[in-house]
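Go ahead and model the full structure; you've got the sequences and the hints to work with.
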Amino acid sequence: MIKQILNKVSRKQSKFSKNQEPLDAQNPNLTCSGSKRSDLTGGNSRKLSSSDISAPLNPRFNPNDTNSRKGGHVSVSYESLPSFRDVPSSEKQNLFIKKVIMCSVNFDFTDPTKNLKEKEIKRQTLLELVDFVASNNVKFTESVIHEFVKMVSANLFRELTPQPRDCKILQSYDLEEEEPSMDLSWPHLQIVYELLLRFIASPEADAKIAKKFIDHYFVLKLLDLFDSEDPREREYLKTILHRVYGKFMVHRPFIRKTINNIFYRFVLETEKHNGIAELLEILGSIVNGFALPLKEEHKLFLSRALIPLHKPKSLMMYHQQLSYCITQFVEKDCKLADMVIRGLLKYWPVTNSSKEIMFLGELEEVLEATQQPQFHRCMVPLFKQIARCLNSLHFQVAERALFFWNNDHIESLIRQNRKVILPIIFPALERNGRYHWNQAVHSLTLNVRKIFFDLDPELFNECLLNFQEEEAKEEKIQSRRESTWKHLEEIAADKASSNEAVLVN
Amino acid sequence: MSMVDEPLYPIAVLIDELKNDDIQLRLNSIRKLSTIARALGEERTRKELIPFLSENNDDDDEVLLAMAEELGVFIPYVGGLEHAHVLLPPLETLCTVEETCVRDKAVESLCRIGSQMRETDLVDWFIPLVKRLAAGEWFTARVSACGLFHIAYPSAPEMLKTELRTIYSQLCQDDMPMVRRSASTNLGKFAATVEPSYLKTDVMQIFEDLTQDDQDSVRLLAVEGCAALGKLLEPQDCIAHILPVIVIFSQDKSWRVRYMVANQLYELCEAVGPEPTKTDLVPAYVRLLRDNEAEVRIAAAGKVTKFSRILSPELALQHILPCVKELSSDSSQHVRSALASVIMGMAPVLGKDATIEQLLPIFLSLLKDEFPDVRLNIISKLDQVNQVIGIDLLSQSLLPAIVELAEDRHWRVRLAIIEYIPLLASQLGVGFFDDKLGALCMQWLQDKVYSIREAAANNLKRLAEEFGPDWAMQHIIPQVLEMANNPHYLYRMTILGAISLLAPVMGLEITCSKLLPVVVTLAKDRVANIRFNVAKVLQSFIPIVEQSVMEKTVRPCLVELVEDPDVDVRFFSKQALDAIDQVMMTS
Chain A
1 MIKQILNKVS RKQSKFSKNQ EPLDAQNPNL TCSGSKRSDL TGGNSRKLSS SDISAPLNPR
61 FNPNDTNSRK GGHVSVSYES LPSFRDVPSS EKQNLFIKKV IMCSVNFDFT DPTKNLKEKE
121 IKRQTLLELV DFVASNNVKF TESVIHEFVK MVSANLFREL TPQPRDCKIL QSYDLEEEEP
181 SMDLSWPHLQ IVYELLLRFI ASPEADAKIA KKFIDHYFVL KLLDLFDSED PREREYLKTI
241 LHRVYGKFMV HRPFIRKTIN NIFYRFVLET EKHNGIAELL EILGSIVNGF ALPLKEEHKL
301 FLSRALIPLH KPKSLMMYHQ QLSYCITQFV EKDCKLADMV IRGLLKYWPV TNSSKEIMFL
361 GELEEVLEAT QQPQFHRCMV PLFKQIARCL NSLHFQVAER ALFFWNNDHI ESLIRQNRKV
421 ILPIIFPALE RNGRYHWNQA VHSLTLNVRK IFFDLDPELF NECLLNFQEE EAKEEKIQSR
481 RESTWKHLEE IAADKASSNE AVLVN
Chain B
1 MSMVDEPLYP IAVLIDELKN DDIQLRLNSI RKLSTIARAL GEERTRKELI PFLSENNDDD
61 DEVLLAMAEE LGVFIPYVGG LEHAHVLLPP LETLCTVEET CVRDKAVESL CRIGSQMRET
121 DLVDWFIPLV KRLAAGEWFT ARVSACGLFH IAYPSAPEML KTELRTIYSQ LCQDDMPMVR
181 RSASTNLGKF AATVEPSYLK TDVMQIFEDL TQDDQDSVRL LAVEGCAALG KLLEPQDCIA
241 HILPVIVIFS QDKSWRVRYM VANQLYELCE AVGPEPTKTD LVPAYVRLLR DNEAEVRIAA
301 AGKVTKFSRI LSPELALQHI LPCVKELSSD SSQHVRSALA SVIMGMAPVL GKDATIEQLL
361 PIFLSLLKDE FPDVRLNIIS KLDQVNQVIG IDLLSQSLLP AIVELAEDRH WRVRLAIIEY
421 IPLLASQLGV GFFDDKLGAL CMQWLQDKVY SIREAAANNL KRLAEEFGPD WAMQHIIPQV
481 LEMANNPHYL YRMTILGAIS LLAPVMGLEI TCSKLLPVVV TLAKDRVANI RFNVAKVLQS
541 FIPIVEQSVM EKTVRPCLVE LVEDPDVDVR FFSKQALDAI DQVMMTS
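Protein sequence lines, in the order shown, are assigned to chains A and B. The first sequence begins at 1 in UniProt numbering and counts up one residue at a time. The second sequence begins at 1 in UniProt numbering and counts up one residue at a time.
Incorrect hints may have been included.
[Claimed, not checked] Heads up, simulated DSS-like pairs for lysine-lysine below, C-alpha to C-alpha not over 25 angstroms straight-line: (1) A:Lys295 to A:Lys257; (2) B:Lys352 to B:Lys325; (3) A:Lys272 to A:Lys257; (4) A:Lys150 to A:Lys247; (5) A:Lys346 to A:Lys335; (6) B:Lys47 to A:Lys486; (7) A:Lys212 to A:Lys247; (8) A:Lys119 to B:Lys253; (9) B:Lys47 to B:Lys32; (10) A:Lys212 to A:Lys150; (11) A:Lys247 to A:Lys311; (12) B:Lys161 to B:Lys189; (13) B:Lys47 to B:Lys19; (14) B:Lys189 to B:Lys200; (15) B:Lys19 to A:Lys473; (16) A:Lys139 to A:Lys150; (17) A:Lys221 to A:Lys208; (18) B:Lys19 to A:Lys486; (19) A:Lys211 to A:Lys272; (20) A:Lys419 to A:Lys473; (21) A:Lys211 to A:Lys139; (22) A:Lys238 to A:Lys150; (23) B:Lys253 to A:Lys384; (24) A:Lys476 to B:Lys32; (25) A:Lys473 to A:Lys384; (26) B:Lys253 to A:Lys150; (27) A:Lys221 to B:Lys436; (28) B:Lys19 to A:Lys346; (29) B:Lys253 to A:Lys272; (30) A:Lys419 to B:Lys19; (31) A:Lys486 to B:Lys32; (32) A:Lys92 to A:Lys208; (33) B:Lys19 to A:Lys476; (34) A:Lys495 to B:Lys32; (35) A:Lys114 to B:Lys253; (36) A:Lys247 to A:Lys221; (37) A:Lys272 to A:Lys346; (38) B:Lys200 to A:Lys495.
Hints were generated in silico from the structure; no laboratory data involved.
Written out as structure tokens, the structure is:
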């Protein structure tokens with residue numbers, strides 16, 4: 001109990017400490033108007049007191065008042081600093097910090113005519129910073145990193161703007177055709193991302209010091225940004241997060257856990273997220289690097305996060321990356337094939353044919369890496385599903401399933417287990433041969449039929465006979481089912497009335 | 001038939017059916033669980049069926065969902081309330097599955113059962129279940145647990161209550177955001193069962209923690225609970241604890257949070273009373289009406305009327321109306337549209353003078369809005385408008401708007417305006433209608449879009465009902481019948497549809513003298529689709545026309561159609577003839 005309270009307190013303090021960082025103590029080049037300044041400090045200099053419930057996690061820095069539409073013009077005198085070339089080397093480090101602090105100010109890009117001069121100055125300054133970091137001249141001391149991360153946070157960690165309503169309506173019609181919306185402040189954002197990337201990649205930036213500032217909160221916010229509409233932004237985020245994962249060993253479990261949470265929310269709650277494909281791409285390379293034997297944690301990740309990702313209807317947007325992750329797992333440890341195949345069967349689409357085709361494609365890749373013992377364990381439910389696919393009225397689905405017989409590995413698995421498999425799929429083959437409307441499906445089915453016949457005529461004829469018997473019995477079974485239920489209803493009604501009789505007595 | 005004599009084992013039947021590959025059959029048998037239970041009797045249901053179901057949880061989610069639902073109403077089949085607890089184990093398992101729908105349904109069923117259970121049984125069975133779920137290894141169990149506390153808490157003894165409160169507060173700090181979201185969502189329900197003394201301490205502490213969560217999504221749900229929580233507290237506590245939070249939230253960096261505030265603010269005003277509303281919430285609301293983000297303004301604009309209603313007229317005039325003016329020329333059409341749908345409700349609040357002076361110009365400018373949805377939203381509230389400003393003033397500005405909407409490019413807009421025509425007609429009266437709108441109604445019958453033509457036909461019927469057959473005879477029927485000769489068969493088809501709708505309203509005489517001859521002529525149409533529709537219309541005439549007419553005109557016509565070269569025409573005319581014969585037989 002006490003431990004809990006302590007936990008709670010420390011949790012709170014860590015939260016507040018974020019709000020308490022004093023903002024630019026001294027910066028000669030940045031003089032805000034009075035009202036603006038009070039706005040700036042209002043969010044950050046809140047005193048910590050136990051009765052203070054009114055501080056939601058404020059943005060660490062919020063130089064631009066995004067909240068009031070009409071008021072709040074930034075009247076800042078914002079002038080460029082001397083270039084790195086024009087100062088002695090001893091001054092460069094200081095100048096770097098000044099420039100970084102200067103770039104912490106954000107401008108309103110919704111109005112393209114506003115602060116044109118200042119925007120250009122900031123852009124130039126950011127570019128200078130990129131060059132300077134690339135030249136490996138910066139000494140990333142603790143205070144430099146602190147300012148640097150603060151600047152990056154101030155620029156990147158913004159609330160993503162909602163899609164305009166009209167797009168939403170379009171979206172429901174066609175997910176793919178939709179135009180991605182581009183972030184207006186991209187001219188600045190891009191350079192900040194570039195800068196962050198160079199920083200993470202820089203050998204000068206020591207992970208041991210940097211991890212104090214590239215902390216869990218920073219990673220969490222970075223991951224939140226993956227929901228951005230802008231594909232250019234997600235591309236940067238992907239590269240950066242990958243580097244962060246590589247550089248900061250301490251954050252690896254946290255990053256994996258947070259990505260898992262994003263997936264859970266996406267699958268179980270919202271079904272809406274723009275960055276699933278990018279996250280999966282990073283995970284693909286992470287999975288690639290997993291050591292053998294696989295840890296239990298990673299197997300759980302496969303079964304609880306990756307496999308359920310097959311469920312959402314927007315699977316098309318990230319299927320390629322997902323399928324890569326899954327096959328990586330199976331190739332690393334073929335014992336997982338059984339679990340993966342059962343997973344696919346669990347989420348098998350019922351009405352969405354294009355999704356079904358994707359499933360069949362993935363299934364083929366997984367089966368490629370499946371060995372006899374695992375195949376043995378799941379083949380019965382698997383071929384019940386394949387039989388349904390064979391009979392699909394969507395010819396591409398049926399075709400895709402029939403192509404399995406063109407795959408040597410799968411064909412040999414089927415061949416060795418024909419005694420189990422043929423009886424399951426025989427009715428489907430027979431029905432296709434008789435009724436399927438599509439010529440290609442028709443002839444492919446006849447081919448498969450012939451393969452089985454040539455292979456084991458005895459078994460084939462046995463199945464044929466069985467099928468004919470079953471077919472003859474079908475109506476009988478149906479009427480038997482009906483009469484059974486009817487009989488049950490009667491018994492139930494009897495019991496109920498006798499019960500009532502008892503009650504009356 | 002030897003079947004019936006064989007003994008039947010209901011459980012065996014169920015087990016057998018649940019093995020079937022066809023999911024539909026499995027679903028059907030789950031849907032008939034109650035039949036099986038009744039056939040088994042209460043005791044065997046408890047001892048055999050329920051344990052079997054507890055183990056059979058590896059099926060498709062759809063089957064599990066059906067099971068979760070059926071079990072919720074199963075108390076009578078296990079022997080009434082004293083045995084209700086046997087239903088808990090299968091539902092407990094369902095609370096832990098992956099699929100959200102199944103879990104939600106299982107929680108719902110548990111709540112339903114729990115709310116009927118006896119107090120001692122709740123302590124013995126239900127509360128331990130909640131505790132088990134709350135300590136579940138996988139987050140799905142903990143997510144489900146959050147939704148059960150409000151059932152468990154009231155009957156718990158003091159010690160257990162303390163424990164439950166502690167557990168809930170732990171769930172609010174769970175490692176998984178999914179659990180915190182669920183705890184946040186259910187906080188209002190749970191708080192309603194907690195004693196006032198703990199409400200102010202424990203529950204408020206939980207609420208504070210949630211409002212400071214790292215994840216936007218959690219804070220968002222905390223805002224959603226604000227109003228519910230506020231209503232439970234004494235006004236002064238609400239002012240002390242909830243009000244500051246909501247004021248801060250109304251300036252949150254995240255537009256989603258502000259959006260939530262905009263949706264909740266009105267209810268919160270009710271909880272805190274007029275004075276704090278005036279000093280704190282009105283400014284917050286005004287800020288939201290002027291928010292940077294269109295989504296927030298949309299939400300806020302939609303509450304303008306409700307908000308004005310709880311304020312005094314002066315305050316509304318002073319603070320809200322200026323914003324309303326700004327919003328009426330907002331750059332986002334959706335904001336204007338949201339405003340248009342509620343703005344008329346402000347009239348009674350402001351009083352007649354202020355309405356005419358201030359509201360009317362806004363209203364008229366919205367009526368001329370370039371975006372059709374805005375205009376439609378105004379027109380749809382026409383009855384309210386009429387009461388306030390009177391018909392003369394209205395009709396001058398209304399008519400151009402209607403005419404323009406009637407010819408709008410988007411057929412959905414045209415459809416919407418057609419649906420308001422009967423309302424308009426009743427408000428404006430017959431004189432106004434004849435002059436201006438009559439022609440439009442006929443024009444729609446020849447629209448390019450089927451749905452419009454269909455709606456237009458339906459509209460004529462409603463107009464005929466509104467103004468009576470005499471009026472219709474003069475203003476609708478001649479024009480409609482004239483169109484029966486249109487060269488395009490689709491338009492002739494529309495006319496057939498209109499005739500079959502109008503006939504019941506017009507009555508026997510007009511149907512026989514005016515409508516029937518036209519229909520009979522159309523039976524000779526060169527397009528088969530027209531001919532079989534004639535057959536259908538004639539069938540619909542059966543209850544209207546007299547037997548003599550039936551024999552003299554309708555039947556010969558149909559007899560001819562039965563010999564038609566087209567198979568569908570033959571089918572429908574045969575159907576009509578059979579129907580006539582049937583009526584003859586019974587009469």
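Verification of the hints:
no.: 1; hint: A:Lys295 to A:Lys257; verdict: 15 angstroms, holds
no.: 2; hint: B:Lys352 to B:Lys325; verdict: 18 angstroms, holds
no.: 3; hint: A:Lys272 to A:Lys257; verdict: 19 angstroms, holds
no.: 4; hint: A:Lys150 to A:Lys247; verdict: 19 angstroms, holds
no.: 5; hint: A:Lys346 to A:Lys335; verdict: 18 angstroms, holds
no.: 6; hint: B:Lys47 to A:Lys486; verdict: 24 angstroms, holds
no.: 7; hint: A:Lys212 to A:Lys247; verdict: 13 angstroms, holds
no.: 8; hint: A:Lys119 to B:Lys253; verdict: 22 angstroms, holds
no.: 9; hint: B:Lys47 to B:Lys32; verdict: 18 angstroms, holds
no.: 10; hint: A:Lys212 to A:Lys150; verdict: 12 angstroms, holds
no.: 11; hint: A:Lys247 to A:Lys311; verdict: 33 angstroms, violated
no.: 12; hint: B:Lys161 to B:Lys189; verdict: 15 angstroms, holds
no.: 13; hint: B:Lys47 to B:Lys19; verdict: 21 angstroms, holds
no.: 14; hint: B:Lys189 to B:Lys200; verdict: 15 angstroms, holds
no.: 15; hint: B:Lys19 to A:Lys473; verdict: 19 angstroms, holds
no.: 16; hint: A:Lys139 to A:Lys150; verdict: 17 angstroms, holds
no.: 17; hint: A:Lys221 to A:Lys208; verdict: 20 angstroms, holds
no.: 18; hint: B:Lys19 to A:Lys486; verdict: 20 angstroms, holds
no.: 19; hint: A:Lys211 to A:Lys272; verdict: 31 angstroms, violated
no.: 20; hint: A:Lys419 to A:Lys473; verdict: 23 angstroms, holds
no.: 21; hint: A:Lys211 to A:Lys139; verdict: 16 angstroms, holds
no.: 22; hint: A:Lys238 to A:Lys150; verdict: 21 angstroms, holds
no.: 23; hint: B:Lys253 to A:Lys384; verdict: 53 angstroms, violated
no.: 24; hint: A:Lys476 to B:Lys32; verdict: 22 angstroms, holds
no.: 25; hint: A:Lys473 to A:Lys384; verdict: 20 angstroms, holds
no.: 26; hint: B:Lys253 to A:Lys150; verdict: 17 angstroms, holds
no.: 27; hint: A:Lys221 to B:Lys436; verdict: 60 angstroms, violated
no.: 28; hint: B:Lys19 to A:Lys346; verdict: 16 angstroms, holds
no.: 29; hint: B:Lys253 to A:Lys272; verdict: 21 angstroms, holds
no.: 30; hint: A:Lys419 to B:Lys19; verdict: 21 angstroms, holds
no.: 31; hint: A:Lys486 to B:Lys32; verdict: 11 angstroms, holds
no.: 32; hint: A:Lys92 to A:Lys208; verdict: 24 angstroms, holds
no.: 33; hint: B:Lys19 to A:Lys476; verdict: 19 angstroms, holds
no.: 34; hint: A:Lys495 to B:Lys32; verdict: 16 angstroms, holds
no.: 35; hint: A:Lys114 to B:Lys253; verdict: 21 angstroms, holds
no.: 36; hint: A:Lys247 to A:Lys221; verdict: 18 angstroms, holds
no.: 37; hint: A:Lys272 to A:Lys346; verdict: 21 angstroms, holds
no.: 38; hint: B:Lys200 to A:Lys495; verdict: 53 angstroms, violated
The structure is inconsistent with the numbered hints 11, 19, 23, 27, 38, although it conforms to all the rest.
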